[in-house]
Amino acid sequence: MQNKISFTLFPNPNLTQIVTEQTHMKNIFLLFFLAGTFCLSAQNTATVTGTLRDAANGETLIGATVEAVGLGKGNVSNEYGFYSLSLPQGSDSVTLRFSYIGFETSFRKVKPEGRIKLDVSLRTADALLEEVVIKANSLEEKMKSTEMSVTTISTKEAKLLPALFGEVDIIKILQLKPGITAGSEGTTGIFVRGGGSDQNLIVLDEAVVYNANHLFGFFSTFNSDAVKDVKVYKGGFPAQYGGRLSSVIDVRMKEGNNQQFSGAGGLGLIASRLTLEGPIQKDKSSFIVSGRRTYADLITRGINNANAGKPDYDPIPDYYFYDLNTKVNFTLSEKDRLYLSGYFGRDVFTFKDETFDFKFDWGNTTGTARWNHVFGPKLFSNTTITFSDYRYRIQNQLQGFYFNLGSNVKDANLKVDFYYQPSNKHTVRFGGNATYHDFVVGRLKAGSDDGEVSFEAGQKFDGTEFGLYANDEWAVTDRFKLSYGGRFSAWRNNPATYFNFEPRVAANFAVTDKWSLKGSYTRMNQYVHLLASSGLSLPTDIWYPSTEGVKPEVSDQVALGTSYLIGGKVLVTWEAWYKWLQNQLDFKDGAELFGNDALEGELTTGRGYAFSPFEIEIEKKDGKLTGWIGYTLAWTRRGNFPDINGGANFPPRFDTRHNLSVVALWELSRRLSVTATWVYTSGYTAWLPGGRFSFQDIPGGQLQPLVPIYGDRNTYRYPAYMRADLGVVWKWWGRHTENDLTLSIYNVTDRRNPYFIYIDFDSVETPVGDAPTRIYAKQVSLFPILPSITWNFKF
Amino acid sequence: MTIILARYENSVLNYILPFVVVAFITACNLSKEVDINLPEYDSQPVVECYLEPGKPFRLLLTRSYGFFDPFGLDSSFFQNVLFQDAVVTISYDGQTDTLYNNFSFDASPLKIFNYTGLNFVPATPGVNYTLNITLPDNGGNITGSTIMLPLIPIDSAVVEFSPDIDTLARVLTYLTDDPATHNYYRRLLNYNSLDSVPEQDFLADDRILTSTKLAFGTGYELSVGDTIYNTVCHITKDYYDYYESVQLAIFGNINPFAQPSPIKSNVRGSANPLGIFTCLVYDRATTVVQK
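So the sequences go chain by chain: A and B. Counted from 1, the first sequence has number 137 at position 92 by the working numbering; the numbering is strictly sequential. Counted from 1, the second sequence has number 593 at position 105 by the working numbering; the numbering is strictly sequential.
Watch out, some of these pointers could steer you wrong.
Said to hold, decoys possible - Here are a few chain A residues that sit away from chain B, every Cβ distance over 10 Å (derived from the structure): (1) 115; (2) 150; (3) 153; (4) 348; (5) 351; (6) 379; (7) 426; (8) 599; (9) 621; (10) 652; (11) 734; (12) 749; (13) 756.
Said to hold, decoys possible - Mimicking EDC-like on lysine to aspartate or glutamate, the simulated pairs with C-alpha atoms at most 16 Å apart in a straight line are: (14) B:701 <-> A:494; (15) B:701 <-> A:501; (16) A:633 <-> B:732; (17) A:404 <-> A:497; (18) B:725 <-> A:637; (19) B:599 <-> A:495; (20) A:397 <-> B:652; (21) B:701 <-> A:186; (22) B:701 <-> A:495; (23) A:823 <-> B:732; (24) A:397 <-> B:709; (25) B:752 <-> A:757; (26) A:490 <-> B:694; (27) B:752 <-> A:637; (28) B:520 <-> A:805; (29) A:823 <-> B:521; (30) B:520 <-> A:795; (31) B:599 <-> A:815; (32) A:154 <-> A:164; (33) B:520 <-> A:398.
These aren't lab readings, by the way, just hints derived from the structure by calculation. No experiment lies behind these values; they were computed from the predicted model shown. Beta carbons are placed, not taken as given, at the ideal position from N, Cα and C, and that holds for glycine.
Required output: the full structure, derived from the provided sequences and hints.
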């Protein structure tokens with residue numbers, strides 16, 4: 046932890062930014078000064094504050110609306126359910142309206158004098174409607190907000206949509222949103238607006254999740270029973286977020302029912318889930334425990350046991366994954382609330398025969414302690430301590446010899462956020478964080494048990510990341526809102542020190558009550574990097590810190606857009622954006638990742654850009670039929686890598702020109718819902734060979750009649766990807782239970798989409814080996830039509 | 489033990505992922521032939537030259553092709569593939585040998601050459617060799633250089649029987665690495681014949697070796713009477729890079745999780761060649777499994 050304490054802002058010879066940063070420092074202090082001014086100017090107002098909750102279970106409501114009827118004043122609750130509304134002092138009562146889509150609107154009268162504490166619990170408007178509600182800001186709030194490039198998905202919504210193998214995956218739902226692509230079929234890959242897979246800040250209750258995948262990316266680590274909702278920023282990043290270039294994926298766990306003990310679970314084809322939650326002390330504290338495990342290994346073990354001893358039988362490897370989410374929260378006083386949450390998940394792959402005793406396991410551990418404190422009607426704070434740990438281990442025992450390989454990244458983070466509302470016109474957020482990172486990169490130990498033969502490799506790094514931010518959301522006029530601020534970020538990895546300022550600006554101009562114009566500019570820096578040898582997410586990909594030789598990645602993004610609300614029910618949003626990427630990392634061709642203590646020598650640095658003139662989303666969130674249509678037209682390029690493609694630009698694998706998705710949820714009755722998704726993606730790029738040669742090899746080697754010759758990267762484009770999924774949810778109720786059967790049909794048209802293409806050949810045997818007679822391309826598809834059924838229950 | 493020195497990621501990329509994906513694809517019969525247009529490609533000359541001590545100077549000079557260009561298995565095949573009428577010389581120790589455009593071959597294992605010299609390659613470590621090729625019809629030139637490395641002998645090849653199944657054995661092959669130099673190896677393992685497809689064929693280096701002993705091994709898969717050809721080549725960095733790039737190119741074509749590689753040749757010149765010019769120094773231990 047030494048680096049954390051010894052950090053200074055002394056310029057490193059490599060740094061040229063210090064002088065300009067001092068100017069920025071003045072600006073940020075100005076901002077704090079302004080905040081103080083607001084405080085002074087707001088003394089003759091009354092302030093109503095409190096927390097908005099779901100009456101059924103005590104869960105806080107994020108983005109719920111509070112309005113003073115007839116006064117034209119309003120606000121929304123923040124991500125902790127806290128709200129604050131300033132009213133003119135007076136003797137006449139004011140009626141406050143609390144509303145949240147899917148909940149009954151509640152009215153309360155208050156006398157606007159001094160400080161008023163008012164916690165409100167809203168009741169569900171209709172049991173059926175609740176299930177199809179997208180728990181986000183109302184469309185009107187979304188239109189009026191300075192936030193742009195933001196998407197929120199609730200678990201309730203995700204559970205209705207058809208899913209691969211029936212395994213609900215909230216991350217895969219995000220792939221249906223415009224500006225986000227999957228990179229490959231069936232996986233949880235997230236490529237946001239031309240950014241790489243490591244450029245997403247994925248946080249679970251504010252703790253970073255470094256590898257959010259199970260089974261090599263086919264499932265995400267987020268158990269739908271434990272997750273409340275997911276909010277994704279694709280651009281216009283609020284100043285409190287930093288550390289990744291392309292997106293922030295903020296996953297919030299449920300808090301636990303503080304009203305009554307309850308449970309939920311499900312039996313699916315792949316995994317089973319069980320969640321228990323309830324009050325520790327009613328209205329004051331609650332807990333939730335949620336677990337999930339796959340069970341394919343139980344079947345494969347049975348098959349192996351049945352075939353044990355058969356001479357030609359090759360045992361099937363065991364594979365399973367599991368997750369455990371826990372959370373408790375305590376209301377310590379009217380002003381203090383404490384949350385403790387944790388996640389533990391592992392994938393385990395084992396194989397044993399006469400030669401191997403092989404085990405490969407990987408997973409994340411996260412922990413969060415969060416303390417909400419209300420200083421007063423205008424100032425709210427959130428103090429968070431988080432811990433994250435991602436590791437993988439490969440172990441193999443071969444009688445007399447051993448092999449162990451692993452990597453690990455650990456974070457400890459302290460973060461303090463203040464939420465200050467001097468008046469209804471200003472919402473100021475400021476705070477800071479310090480994160481200590483510890484990296485073990487490619488630790489390898491292998492050799493013979495007697496010590497005669499031994500290999501050893503691995504590097505250890507640490508680094509400390511700092512962030513200090515302030516942002517004011519200012520309602521300049523009734524029609525014009527401006528969000529402005531910035532974030533200082535710094536990185537220390539002895540002897541390298543980097544110090545950067547990241548401006549954040551967003552604006553919203555309401556042309557009419559139904560039409561707004563928006564714009565934003567953000568800069569982001571990224572100090573930790575994922576070194577991946579393929580375009581897909583693998584557990585063995587290595588997280589590597591910024592060092593003297595590896596500069597922080599930088600992105601700048603500008604976005605312009607407009608939102609139009611049709612009939613209060615349909616929101617049409619168009620955005621155009623351009624993103625510049627600097628210091629992008631890639632491996633040189635043929636780089637060696639493992640057992641290599643000189644990894645930096647295998648890296649090459651370049652640039653990139655991505656842009657879209659047309660990213661559109663049409664959302665409908667009310668009524669029997671809800672859903673959205675998303676379309677993106679985009680270009681992505683990487684280039685200027687001295688060791689790749691001769692420095693020329695090339696499209697990365699996930700560059701797709703057109704992305705269209707249609708998502709529909711239709712409630713036919715109280716019992717029956719039908720959902721459907723349709724996705725069209727123009728082809729991903731692929732690096733295919735142009736030529737071939739024959740390789741005779743040395744004595745003992747194998748003649749290779751067909752060695753591919755690879756030229757420029759990713760010049761081939763796969764055929765378009767198209768898929769339709771269908772879901773049917775049938776509900777019934779027992780005396781104390783609620784049940785549903787969810788039928789998912791993945792790829793309902795049984796279309797054979799391209800997963801990858803390879804070149805194969807027919808051959809005849811000759812004295813010099815196999816001689817090809819015909820060469821041809823073969824397309825491999827991954828998933829045919831896949832029906833699945835899941836039983837879910839609640840009690 | 490083999491796995492220790494193999495490319496470690498292969499344990500993941502070669503085995504686990506294909507297991508999951510291929511098992512599924514096979515079960516569902518999800519592959520089909522498609523028509524695609526590959527990138528434009530101009531043919532290049534390809535050099536394959538291994539200077540083996542005690543053997544004649546000889547070389548195979550061929551052409552590369554567009555990927556979908558047809559193969560011919562008739563008499564035109566050699567005419568089309570073999571690059572004829574080039575002027576080939578190899579210089580070393582102050583002398584220059586010419587390799588003539590004569591077809592020759594070794595019978596077992598079968599290897600063919602279309603340029604052969606009159607002299608034999610000396611087994612003197614440290615000698616530098618330079619290759620010069622002038623292609624006919626102003627086709628440009630090709631150059632390359634390499635060095636004869638010292639032989640690193642196999643210390644022992646030990647047969648061990650499984651403690652669980654006493655009819656199955658493994659062979660452990662030991663050698664002594666010189667920690668003063670950075671050494672690269674290619675390990676080949678053939679069962680019963682050098683003409684067979686190698687059971688093991690991988691590259692290794694001593695970068696992370698902390699002992700002086702190096703070991704290669706097999707699984708418990710051998711039976712009494714099996715003949716094992718253990719070959720350990722001491723190779724240059726150029727050859728290591730070239731052969732690795734060949735493996736990655738082959739592997740990248742068939743595995744969606746692997747990143748392909750362009751061919752990293754150590755021959756240069758205006759003819760834009762591909763290929764390898766290297767010395768071939770190896771020790772081979774032949775073992776017959778016996779109780």
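Tested hints:
1. 115: 62 Å, holds
2. 150: 50 Å, holds
3. 153: Check passes; 56 Å lies beyond 10 Å.
4. 348: For residue 348 of chain A, whose nearest Cβ neighbour in chain B is about 13 Å away, the distance exceeds 10 Å, so it holds.
5. 351: Its Cβ never comes within 10 Å of chain B, the nearest being 18 Å, so this holds.
6. 379: It holds; residue 379 of chain A is separated from chain B by about 53 Å at its closest Cβ, greater than 10 Å.
7. 426: 45 Å, holds
8. 599: Holds, because the least Cβ-Cβ distance between residue 599 of chain A and chain B comes to about 25 Å, which exceeds 10 Å.
9. 621: 32 Å, holds
10. 652: 20 Å, holds
11. 734: 6 Å, violated
12. 749: 6 Å, violated
13. 756: 6 Å, violated
14. B:701 <-> A:494: Since the Cα atoms of residue 701 of chain B and residue 494 of chain A sit roughly 13 Å apart, the hinted pair holds (cutoff 16 Å).
15. B:701 <-> A:501: 13 Å, holds
16. A:633 <-> B:732: 13 Å, holds
17. A:404 <-> A:497: Distance ~24 Å between residue 404 of chain A and residue 497 of chain A Cα, so the pair is violated.
18. B:725 <-> A:637: Roughly 14 Å separates the two Cα atoms, so the pair holds.
19. B:599 <-> A:495: 41 Å, violated
20. A:397 <-> B:652: 13 Å, holds
21. B:701 <-> A:186: 70 Å, violated
22. B:701 <-> A:495: Holds: residue 701 of chain B and residue 495 of chain A sit about 12 Å apart, inside 16 Å.
23. A:823 <-> B:732: Outside the cut-off at roughly 25 Å; violated.
24. A:397 <-> B:709: Distance ~14 Å between residue 397 of chain A and residue 709 of chain B Cα, so the pair holds.
25. B:752 <-> A:757: With Cα atoms ~14 Å apart, residue 752 of chain B and residue 757 of chain A stay inside 16 Å; holds.
26. A:490 <-> B:694: 14 Å, holds
27. B:752 <-> A:637: 14 Å, holds
28. B:520 <-> A:805: Satisfied, since the Cα-Cα distance of roughly 11 Å is no more than 16 Å.
29. A:823 <-> B:521: Answer holds: residue 823 of chain A to residue 521 of chain B is near 4 Å, not above 16 Å.
30. B:520 <-> A:795: Measuring from Cα to Cα gives roughly 14 Å; hence the hint holds.
31. B:599 <-> A:815: At roughly 14 Å apart (the allowed maximum being 16 Å), residue 815 of chain A and residue 599 of chain B satisfy the hint.
32. A:154 <-> A:164: 13 Å, holds
33. B:520 <-> A:398: 34 Å, violated
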